[in-house]
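Engineer: Put chain L on the given structure of chain D with help from the hints.
Sequences listed follow chains D and L, in order. Under the numbering used here, the residue at position 632 of the first sequence is numbered 632, and the numbers go up by one with no gaps. Under the numbering used here, the residue at position 40 of the second sequence is numbered 40, and the numbers go up by one with no gaps.
Note that these hints are calculated values from the structure, not bench results. Here the structure is a predicted model, which is why all the values come from computation and not from measurement. Be aware that one or more of the hints could be misleading.
To be verified - Under the rule of at most 25 Å between Cα atoms (straight-line distance), these lysine-lysine pairs were calculated in the DSS-like manner:
| # | chain 1 | residue 1 | chain 2 | residue 2 |
| --- | --- | --- | --- | --- |
| 1 | L | K379 | D | K27 |
| 2 | D | K67 | D | K164 |
| 3 | D | K165 | D | K590 |
| 4 | D | K165 | L | K27 |
| 5 | D | K164 | L | K416 |
| 6 | L | K379 | D | K24 |
| 7 | D | K206 | L | K416 |
| 8 | D | K574 | D | K590 |
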Amino acid sequence: MFDNVWLIPLFPFIGFLINGLLGKKIKNETVIGGIGALAVLCSFLVSCKTILALLSLPGEERVANVKVFTWITSGSFNADIAFLIDPLSCVMIMIVTGVGFLIHVYSIGYMHGEEGFYRFFSYLNLFMFSMLLLVLGNNLLLMFVGWEGVGLCSYLLIGYYFHKKSAGDAGKKAFVMNRVGDFGFLLGTFTLYWYMGQAHNVWTIKFTDLAANSHLLPTGGIVTAITLCFFLGATGKSAQIPLYTWLPDAMEGPTPVSALIHAATMVTAGVYMIGRMNYLFIRSPETLMVVAVVGGCTALFAATIGTAQNDIKRVLAYSTVSQLGYMFLAMGTGAFAAGIFHLMTHAFFKACLFLGSGAVIHSMHHALHHVHSHDDAQDMRNMGGLRSKMPLTFLTFLLATIAIAGIPGFSGFFSKDEILWQAFSNPHHGDLNYLLWGMGALAAGLTAFYMFRLVFMTFFGECRITPKAKDHLHESPMVIVIPLIVLAALSVVGGYIGLPKVIGELFGGIPNYFEHYLEPVFKYSEEYMAQHAAHAAEHSATLEWGLMGLSVLVALVGITIAFTMYVKNTELPKRFVATFPALHRAVYNKWYIDELYDYLFVNPCKALGRFLWKGFDVVVVDGVVNGVANVVMAFSGVFRYMQSGYIYNYAWSMAFGVVVILGYYVFK
Amino acid sequence: MMADPHLLTILVFFPLAGCLLVLPVWKRPAAARPLALGVMTGELLLALWLYASWQGLAALKPILPGYLLVEDAPWIGAFGIRYTLGLDGISLLMVMLTAFSFCVALAVSWRAIGEKVGLFLALLLAMETGIMGVFLALDLALFYLFWEVMLIPMFFLIGIWGHGRHIYSTVKFFLFTMFGSLLMLLAIIALHLLHAQQSGVATFGLHQLIATRLPAGTQLWLFGAFFLAFAIKFPLFPLHTWLPDAHTDAPTAGSVILAGLLLKTGSYGLLRFGYPLFPQAAQTLTPLFYTLAIAGIIYASLVAFAQEDMKRLIAYSSIGHMGYVAIGIAAWQPVALSGSIIQMANHGVTTGALFAMVGMLDERAHTREIGAFGGLWGKIPLWSFFFLLFSMASVGLPGLNNFVGEFLVLSGTFTKSPLAAGLAFTGIVLTLVYTVRLVQEVVFQTERKPLPLADLDRREICLLALLALLVILMGVHPAPLLDLIHGPVKILVGGAP
Numbered sequence: 001m002f003d004n005v006w007l008i009p010l011f012p013f014i015g016f017l018i019n020g021l022l023g024k025k026i027k028n029e030t031v032i033g034g035i036g037a038l039a040v041l042c043s044f045l046v047s048c049k050t051i052l053a054l055l056s057l058p059g060e061e062r063v064a065n066v067k068v069f070t071w072i073t074s075g076s077f078n079a080d081i082a083f084l085i086d087p088l089s090c091v092m093i094m095i096v097t098g099v100g101f102l103i104h105v106y107s108i109g110y111m112h113g114e115e116g117f118y119r120f121f122s123y124l125n126l127f128m129f130s131m132l133l134l135v136l137g138n139n140l141l142l143m144f145v146g147w148e149g150v151g152l153c154s155y156l157l158i159g160y161y162f163h164k165k166s167a168g169d170a171g172k173k174a175f176v177m178n179r180v181g182d183f184g185f186l187l188g189t190f191t192l193y194w195y196m197g198q199a200h201n202v203w204t205i206k207f208t209d210l211a212a213n214s215h216l217l218p219t220g221g222i223v224t225a226i227t228l229c230f231f232l233g234a235t236g237k238s239a240q241i242p243l244y245t246w247l248p249d250a251m252e253g254p255t256p257v258s259a260l261i262h263a264a265t266m267v268t269a270g271v272y273m274i275g276r277m278n279y280l281f282i283r284s285p286e287t288l289m290v291v292a293v294v295g296g297c298t299a300l301f302a303a304t305i306g307t308a309q310n311d312i313k314r315v316l317a318y319s320t321v322s323q324l325g326y327m328f329l330a331m332g333t334g335a336f337a338a339g340i341f342h343l344m345t346h347a348f349f350k351a352c353l354f355l356g357s358g359a360v361i362h363s364m365h366h367a368l369h370h371v372h373s374h375d376d377a378q379d380m381r382n383m384g385g386l387r388s389k390m391p392l393t394f395l396t397f398l399l400a401t402i403a404i405a406g407i408p409g410f411s412g413f414f415s416k417d418e419i420l421w422q423a424f425s426n427p428h429h430g431d432l433n434y435l436l437w438g439m440g441a442l443a444a445g446l447t448a449f450y451m452f453r454l455v456f457m458t459f460f461g462e463c464r465i466t467p468k469a470k471d472h473l474h475e476s477p478m479v480i481v482i483p484l485i486v487l488a489a490l491s492v493v494g495g496y497i498g499l500p501k502v503i504g505e506l507f508g509g510i511p512n513y514f515e516h517y518l519e520p521v522f523k524y525s526e527e528y529m530a531q532h533a534a535h536a537a538e539h540s541a542t543l544e545w546g547l548m549g550l551s552v553l554v555a556l557v558g559i560t561i562a563f564t565m566y567v568k569n570t571e572l573p574k575r576f577v578a579t580f581p582a583l584h585r586a587v588y589n590k591w592y593i594d595e596l597y598d599y600l601f602v603n604p605c606k607a608l609g610r611f612l613w614k615g616f617d618v619v620v621v622d623g624v625v626n627g628v629a630n631v632v633m634a635f636s637g638v639f640r641y642m643q644s645g646y647i648y649n650y651a652w653s654m655a656f657g658v659v660v661i662l663g664y665y666v667f668k
Numbered sequence: 001m002m003a004d005p006h007l008l009t010i011l012v013f014f015p016l017a018g019c020l021l022v023l024p025v026w027k028r029p030a031a032a033r034p035l036a037l038g039v040m041t042g043e044l045l046l047a048l049w050l051y052a053s054w055q056g057l058a059a060l061k062p063i064l065p066g067y068l069l070v071e072d073a074p075w076i077g078a079f080g081i082r083y084t085l086g087l088d089g090i091s092l093l094m095v096m097l098t099a100f101s102f103c104v105a106l107a108v109s110w111r112a113i114g115e116k117v118g119l120f121l122a123l124l125l126a127m128e129t130g131i132m133g134v135f136l137a138l139d140l141a142l143f144y145l146f147w148e149v150m151l152i153p154m155f156f157l158i159g160i161w162g163h164g165r166h167i168y169s170t171v172k173f174f175l176f177t178m179f180g181s182l183l184m185l186l187a188i189i190a191l192h193l194l195h196a197q198q199s200g201v202a203t204f205g206l207h208q209l210i211a212t213r214l215p216a217g218t219q220l221w222l223f224g225a226f227f228l229a230f231a232i233k234f235p236l237f238p239l240h241t242w243l244p245d246a247h248t249d250a251p252t253a254g255s256v257i258l259a260g261l262l263l264k265t266g267s268y269g270l271l272r273f274g275y276p277l278f279p280q281a282a283q284t285l286t287p288l289f290y291t292l293a294i295a296g297i298i299y300a301s302l303v304a305f306a307q308e309d310m311k312r313l314i315a316y317s318s319i320g321h322m323g324y325v326a327i328g329i330a331a332w333q334p335v336a337l338s339g340s341i342i343q344m345a346n347h348g349v350t351t352g353a354l355f356a357m358v359g360m361l362d363e364r365a366h367t368r369e370i371g372a373f374g375g376l377w378g379k380i381p382l383w384s385f386f387f388l389l390f391s392m393a394s395v396g397l398p399g400l401n402n403f404v405g406e407f408l409v410l411s412g413t414f415t416k417s418p419l420a421a422g423l424a425f426t427g428i429v430l431t432l433v434y435t436v437r438l439v440q441e442v443v444f445q446t447e448r449k450p451l452p453l454a455d456l457d458r459r460e461i462c463l464l465a466l467l468a469l470l471v472i473l474m475g476v477h478p479a480p481l482l483d484l485i486h487g488p489v490k491i492l493v494g495g496a497p
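So here's chain D without its partners, still in its complex pose (with noise of 0.2 Å):
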């Protein structure tokens, strides 16, 4: 029944080849773009067959391993090119497969007349490629050649305009840093085998075998060790504390993909790996709250930092990190579902907005360009009044601004506000929840905030660009347009799926669809949640209602802000700087945490390896080498003139010495 699975990763894989390969001889942009954005509908269509196919199953039969062939095997060890289809792996095709469609639709527009065109889509499909092995391997092996494989992609889209020097230390620095998470991702890998072969005799890497026989693992102990091993390579793809710092500058890649790797994608993956190793996760207390506790934590923080920043795409930038956070948060709370039901709704409207701002961008280019200007095309202090040039993109953008901002009735509100709710109340961390869901709630308002700070400095007000370039500015063309549309047309109603119960008994008890489809995959953790919870504490609906309306009352006060401080007295920016200049700067920086990791990490490795070279190798090693040789060149007159001749000398001694050896045995 889903024989065909295989084409759904193959389909990108012929278009990376055949662009990769062909595309220089094709040269027509159209057909380049055509067959990349080809090969991706081809997947989705194989997708949307797919989970029909699985939905037409009964819910306890929703799995299926399908192989395709032998890979690696030795001994007991034994990993194949095999996929898994469960309804976990169906959501993430479903959108991985759908989101990727729709921005390399829009990347054919907006990579029009760029050098490297092809090279560009080629990529790009190797990256589908690669992110659909990571959701559909069946085995944490062929998981992490996915897991590498979007890895090596991003390196090399971020660093796309390879002769910028900042755009490839950005991928330099994305590389290494996810490499660091991998390093934990493999450790935690091979612990597992280990101990499940050494205690258990089940020597396997295999997802559903894994499953069936976690009964036999400990809670906590080495599952807290093997767990942590895997959060760690988490946090370096997942873009989470202390593995952060990569993404920001990872928006040196061009606007398409950090649209489609640096939000709605390859960041999520981390996400992804611990919803589909749930059954792990749920025996260690320890990691969930290392977990609930970490995503907390960025949730806030990059919030923080969003709030300074004037290039429009790392406001984005910092804005994903923050909503990765969440993601974790609802991982760490084991609010499993309602993680991947937020991974899904911000797919939709963070795709979106970095699409718009990836027009905005583009107008503004071509706009500075024609009056041959060298301001900033990302830099919001040249926007503004931007809402009458493009108001198609106005429109959708803001549309998403609202569903991140988490006001009711759109995508974003239903996911977070189920995250938060779960943070306040599953009966994991104690009273750390309170602090969890106050984390949440903040970085909420600040979200709200920062988003509305972009619009209102890009959309409204004064128009800061030069007089000339302005009339320059432009709605952008139809293929760029189309995907925000649908994409905003998803932030709006995404969220209707998974309905929040206090909500959906409003309307006559509508359940929750999203949380019952995935309740095959996360089954297990939640019985064994509710056999050791202790005494799981019954929250009242009008308990849930308050937080809510606390919550969404945060988000309005966020927004009320901004557009006191960005609309209405735009002289208050500029006083608050001046009245905390300390605390501006350092929000403006970051934090200084690339510094402090250049300080501590970095600057030594260098430092170290130079001194093991110059110093060791060198000094010590090479002179007792040359001592001896010294030693050997005193003694020996035949070696004074060291030239290519007296190769033979060493030559024949040698051959001499085995003679004489031999001889003596022979006569002995």
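Structural biologist: For chain L alone, kept in the frame of chain D given last:
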């Protein structure tokens, strides 16, 4: 199927015959080059034919368990030295690697070597015989003979066609390897005498000597001598310093063979002779072996990060990669050992390719300094593409070949010593750091010096495409190779010969 054991003799001495054939046309490169190519291709085809028929050969059950072909004849009766060659899955993999690497070495020096071409080719062919012999010999005296035979041409190769401080490098290489070899020779003779004392039979045969019962102290000394010889070849930290110099100053063909094959003789010797002959001593020294291997991985990666010469950087990376091979052998566990052996082949292909590519760049720009390049993606996109691919293979990107070896080594080692495997893991991050730096500075960014660079020509594209294909194939579908070595590995680790 009829399997003629003389095939092994042909396999070993065909290149030597080729060497003799080249001598008459010594002065005429136009004739000598195709001739050498013919011989090397013939050798490769023979190796591939053996591979294609290995399952048939295995079904025939030759004299020694696990071996596909064995050839045995008395040689020097007085000492019981026999001419014993044996081919099992591990040797076959190494034989294929050897035959292939020599073809690569010839292809990269097609244009680069312009002086004394005849001599160059003759030396290459002689060396091929030596290396084939090392991978096939099962008699310790014969093994030692080939071990020395393969080195002599290498000295000349670096000494005559090298650049930079090539004389210094040759002497250093010579001193290091001779030191180890002589100790090993003493140990071989001692083992021979001890065995003769014990059983009254004079023999150098590996499978007879394994039966020698040695007191722990003696075993330790003898193993120490073998270990030192192999560790220098490996090279293990801190005996590695000959390698960066030899690589940097060797002609490209020399680097390809050094990295692809000579280093492998160290690891091969250890797993074929060192461990089976002295199992208890090996057990005792395992912690030391782990320590040196891990120190090597970390050390080499840190030093590689500071390099300015591309070739030297890759040479240091070679040390790091061989560290994984060392760890896998130290673990002496089926999965890890399979990983080590696969990694030997992978490293030969990947690092060989990288050296070849730096050689191509050097031919054009006459410099290998990282700081001289930059922005090559814009100037020579094909070269850059291949370089990126091989670099990614070298950092162990899953789906490419090195990953398979490293992964198996680490997962196997983890079951024996989680601590050692865990420490070795840091290597995967460090490797990426220096490799990405290299790619970054050379391939990306902007041009630093205006260099006359032309993109790859047809010969180079064919060569690199073939290597790239192997890199991908061995990464995506390593199962046939793992099957090939599965049996011999089991026999090795099981303790029985």
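Engineer: Each hint should be assessed against the structure and marked as holding or not.
Structural biologist: Consistency of the hints with the structure:
In summary, the hint linking K379 (chain L) to K27 (chain D) is supported, as the alpha carbons are separated by about 18 Å, within the 25 Å threshold. Restraint check: the Cα-Cα separation between K67 (chain D) and K164 (chain D) comes to about 43 Å, which exceeds 25 Å; the hinted pair is violated. Annotation: proposed proximity of K165 (chain D) to K590 (chain D) holds, straight-line Cα distance about 21 Å (limit 25 Å). Our distance criterion of 25 Å between C-alpha atoms is broken by K165 (chain D) and K27 (chain L), whose separation comes to about 50 Å.
The hinted pair formed by K164 (chain D) and K416 (chain L) fails the criterion: a straight-line CA distance of about 47 Å is larger than 25 Å. This hinted pair checks out: K379 (chain L) and K24 (chain D) have alpha carbons roughly 14 Å apart, not beyond 25 Å. Pair hint K206 (chain D) plus K416 (chain L) holds up; C-alpha atoms about 22 Å apart against a cutoff of 25 Å. Between K574 (chain D) and K590 (chain D) the alpha-carbon distance is near 19 Å, which keeps this suggested pair within the 25 Å criterion.
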